[in-house]
Amino acid sequence: MNNKKAVLSNENIALYLRSYALMGIFLLMCIAFAVASPTFLTMSNIIGVFRQISTNGILAIGMTLVIITGGIDLSIGPLAAIAGVVSAMILEKNPDLFIPAVLSGIVAAAIMSMWTGFLVAKMRIAPFIASLSTMSIAKGIALLIADGVPHTISNESYIKLGNGYLWDPNKTGGLSIPTPVLVIFIVAIVIGIILYKTKYGRHIYAVGGNENAAIASGINAARVKFCTYVLNGLLCGIAGIVLAGRITSGQPTAATGYEMDAITAVIVGGTSMTGGVGKIGGTIIGALIIGVLNNGLILMGVSSYYQQIIKGIIIAVAVLLDMKTKKN
Amino acid sequence: MQEELLRMEGICKTFPGVKALDEAAITVKRGEIHALMGENGAGKSTLMKVLNGLLEPDKGQIWFDGEEIHVENPAAALKKGIAMIYQELNPVRDMTVAENIFLGREFTRGKSFIVDKKKGEEEAKVLLEKFQLDVKPGAKMRGLSIAKMQMIEIVKAVSSGAKLIVMDEPTSSLTDDEIRVLFGKIMELKKEQVSVVYISHRMEEIFEIADTVTVMRDGKFIDTKRIDEIDKNALIHMMVGRELSNIFPKVSIEIKEPLLEVKNLNSRRFSDITFHVRRGEILGFYGLVGAGRSEIFKSIFGMDPYDSGEIVVEGKTVHIKNPHQAIEAGIAMVTEDRKEYGLVLCRSIRENIALPNLDHFKKKLFLDGRKEEKECKSIAEKISVKMSSMSQLAGNLSGGNQQKVVLSKWLMQEPKILVLDEPTRGIDVGAKAEIHSLMCEFAKQGMAIVMISSELPEVMGMSDRIMVMGEGKIKGEFRYGEYSQDEILACALSGKEYVNNEQ
Chain A
1 MNNKKAVLSN ENIALYLRSY ALMGIFLLMC IAFAVASPTF LTMSNIIGVF
51 RQISTNGILA IGMTLVIITG GIDLSIGPLA AIAGVVSAMI LEKNPDLFIP
101 AVLSGIVAAA IMSMWTGFLV AKMRIAPFIA SLSTMSIAKG IALLIADGVP
151 HTISNESYIK LGNGYLWDPN KTGGLSIPTP VLVIFIVAIV IGIILYKTKY
201 GRHIYAVGGN ENAAIASGIN AARVKFCTYV LNGLLCGIAG IVLAGRITSG
251 QPTAATGYEM DAITAVIVGG TSMTGGVGKI GGTIIGALII GVLNNGLILM
301 GVSSYYQQII KGIIIAVAVL LDMKTKKN
Chain B
1 MQEELLRMEG ICKTFPGVKA LDEAAITVKR GEIHALMGEN GAGKSTLMKV
51 LNGLLEPDKG QIWFDGEEIH VENPAAALKK GIAMIYQELN PVRDMTVAEN
101 IFLGREFTRG KSFIVDKKKG EEEAKVLLEK FQLDVKPGAK MRGLSIAKMQ
151 MIEIVKAVSS GAKLIVMDEP TSSLTDDEIR VLFGKIMELK KEQVSVVYIS
201 HRMEEIFEIA DTVTVMRDGK FIDTKRIDEI DKNALIHMMV GRELSNIFPK
251 VSIEIKEPLL EVKNLNSRRF SDITFHVRRG EILGFYGLVG AGRSEIFKSI
301 FGMDPYDSGE IVVEGKTVHI KNPHQAIEAG IAMVTEDRKE YGLVLCRSIR
351 ENIALPNLDH FKKKLFLDGR KEEKECKSIA EKISVKMSSM SQLAGNLSGG
401 NQQKVVLSKW LMQEPKILVL DEPTRGIDVG AKAEIHSLMC EFAKQGMAIV
451 MISSELPEVM GMSDRIMVMG EGKIKGEFRY GEYSQDEILA CALSGKEYVN
501 NEQ
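Line by line, the protein sequences are chains A and B.
So for the first sequence, this note's numbering puts the first residue at 1; every next one is plus one.
So for the second sequence, this note's numbering puts the first residue at 1; every next one is plus one.
Derived from the structure by calculation, the hints contain no laboratory data.
Mixed in with the good hints, there may be bad ones.
Computed Cβ-Cβ distance ranges for the label pairs, DEER-style [to be verified]:
{"#": "1", "chain 1": "B", "residue 1": "E328", "chain 2": "A", "residue 2": "L28", "range": "32 to 42 Å"}
{"#": "2", "chain 1": "B", "residue 1": "K364", "chain 2": "A", "residue 2": "M273", "range": "55 to 65 Å"}
{"#": "3", "chain 1": "A", "residue 1": "L103", "chain 2": "B", "residue 2": "D272", "range": "53 to 63 Å"}
{"#": "4", "chain 1": "B", "residue 1": "E328", "chain 2": "A", "residue 2": "D147", "range": "46 to 56 Å"}
{"#": "5", "chain 1": "A", "residue 1": "N94", "chain 2": "B", "residue 2": "N396", "range": "36 to 46 Å"}
{"#": "6", "chain 1": "A", "residue 1": "A126", "chain 2": "B", "residue 2": "D304", "range": "19 to 29 Å"}
Beyond 10 Å from chain A on every Cβ pair, some chain B residues (computed) [to be verified]:
{"#": "7", "residue": "D22"}
{"#": "8", "residue": "E23"}
{"#": "9", "residue": "L54"}
{"#": "10", "residue": "E68"}
{"#": "11", "residue": "L103"}
{"#": "12", "residue": "E121"}
{"#": "13", "residue": "K185"}
{"#": "14", "residue": "E229"}
{"#": "15", "residue": "R268"}
{"#": "16", "residue": "V318"}
{"#": "17", "residue": "T335"}
{"#": "18", "residue": "D359"}
{"#": "19", "residue": "L365"}
{"#": "20", "residue": "E441"}
{"#": "21", "residue": "Y483"}
Positions of the beta carbon are idealized from the N, C-alpha and C atoms, including for glycine.
The whole structure should be built from the sequences, with the hints applied where relevant.
Pasting the structure below:
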């Protein structure tokens, strides 16, 4: 009874309308593209879209956490690249070390992100600048250890991470789940549980919503921020591995510019840039909207220049929508 | 007889829940130094903000220099000849003295848009020399002392042709020597027939410099007197002389052992603070704004550091470096600024109440959402927070209800010591009374309560004992019923030490 009542309160209605509005935009886009292009709704295209957004989706989930704390992380591209390079180079030395290679890659990215965490949490440098520093350092390190060249990956399991399926789609008439989609699904659920069901998750919201009040409530805000940047680094590592698997090589310049796509997905998904408000589900839909937009426009033969312009307009519309519903 | 320069009449201004100005009035003559006095929240600054165009009055009329005026904004006020020097100065620190003096009315080369820097500096130099200020026009504001910046503000006001300058607590951050210089300048202004409205809490200053004094109380005009017709005691009586109706739900509770003892606490902001508060007791901390009351408790609660001294909770010395340790020790603090330190406005009531209590709802790694909802709701209902649901955002509540949410979150901690800093500021009368009843209820349950308040009736009506503070020191201590309003305000205003009349 009580729960029903709670759900129907004004703010909740606004909140639901909001997330439905987002869903609505997404569905309308899908319908429009389905009408415009017969290939849009084919199984292989749908699977392709999901596969397309997987790297950006994982990065955007991490970015959501950082933005909820009131921060931002510009270094995610190079962090992902480091993970790919480190794991590729380990496999180059010994092609059988699949699991150690993957883990080392992820850990390397997480260690790099400690620099951002340290600068933001301990030295109180603005996140934009702190992560700019990490971005440049990580870029340099990736190029340094890779000696500036891509390192090809031949390990079967690794390649499957980027290109494989849960089961063979040929046996089920093209219907299957690509491995990267499984990865983003697991990441979303785990991070969702951390964010909504743990003390640490609550602290993330509180620190981003009002750092002073959080500290006055006994929360170690610096620790919360540090942990969030490192957790984000971990997710960058995972995204980097998936990406390296997809392009079958560890490239020091992989994922360049991905931070803007991730931020776009987070904003379109309704997370507030000022911190304290945001949901993982929203970010996933945000990433899907971007993914479908790119895919649909390509199918319709629209030049990629227009795609950029439309993406820019979508960001503005999403934020305006956000402000409107918040005023309500 | 001097001619009248300013007359404000029947000024009313209501903020949500508070009537800040109620038929306020003031009349200032040309070339007069006019002190405006009253307790905290009497409406002095509000009245001056109306004059300056920062606030739009609901009602009332203003005549200035012979005509009725409507002031839309500070720029319009300045144009008419009304300048205001704020309590907190905000010059553009990275610009030069000359640029600041002529900010918004820069000299240009002919009719072009190009700023004539040289002309500005020359003009500034003339002004600075006239005021005998040893400052270079090209110096950056950042490098100047507060006193010098204030002087620059005065120069700026005068050079823009101000006929009336409002100074809000101009001496609060000046040294004695600097005050001498300021007073010299004010006397010069007077010679040039410029009027000054001077807001200050410092009695000695008022009697030294002012010609006339207007007293305000609870947003109302009380009286205007020539300074030679009045003495200090009469002035204090005018400031507090309200009828004390006993609207406070104070009940007598057995007061037991001390829960919090503070011994010789020192920091940059306060010195040698010693007091204690007992189980079942409500200890009031009264003082004028800037007396250092909040600062003491911010240090005790671990939000600011302290230099030396001892904090003892239930007989045990505690070392508190952050709020987390204070909470562990059993201290809870409802801060003065609930929007800044009390609540996460963009999150729900439930999350706000649960915030310091999450360990209580933890089941292994995860939070037990059902238990959280149930217990937060029960406590919010117990102190009757008016809300549509527990998921309503804290930012959408009224001031009184926000304060109750802050109270709820600390009550769940079952603290031993509850510190309330200005618990009823900006809250409507009904919610005020509820919060007062709750305070008595908590005391009865065995908490030790500290209430910091600038409202004298509230302090007197609710406290078992009152500590009076001024200039970072404890000036005196009074027991319930053993004092008059005049005595307490006199103690807060003066440097006189009162006898500690408790064993």
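Each hint, compared with the structure:
| no. | hint | verdict |
| --- | --- | --- |
| 1 | B:E328 x A:L28: 32 to 42 Å | violated (53 Å) |
| 2 | B:K364 x A:M273: 55 to 65 Å | violated (34 Å) |
| 3 | A:L103 x B:D272: 53 to 63 Å | holds (59 Å) |
| 4 | B:E328 x A:D147: 46 to 56 Å | holds (53 Å) |
| 5 | A:N94 x B:N396: 36 to 46 Å | violated (60 Å) |
| 6 | A:A126 x B:D304: 19 to 29 Å | holds (23 Å) |
| 7 | D22 | holds (33 Å) |
| 8 | E23 | holds (36 Å) |
| 9 | L54 | holds (25 Å) |
| 10 | E68 | holds (38 Å) |
| 11 | L103 | holds (28 Å) |
| 12 | E121 | holds (35 Å) |
| 13 | K185 | holds (39 Å) |
| 14 | E229 | holds (48 Å) |
| 15 | R268 | holds (20 Å) |
| 16 | V318 | holds (14 Å) |
| 17 | T335 | violated (6 Å) |
| 18 | D359 | violated (7 Å) |
| 19 | L365 | violated (6 Å) |
| 20 | E441 | holds (23 Å) |
| 21 | Y483 | holds (33 Å) |
Hint compliance for this structure: hints 1, 2, 5, 17, 18, 19 are not met, and every other hint is.
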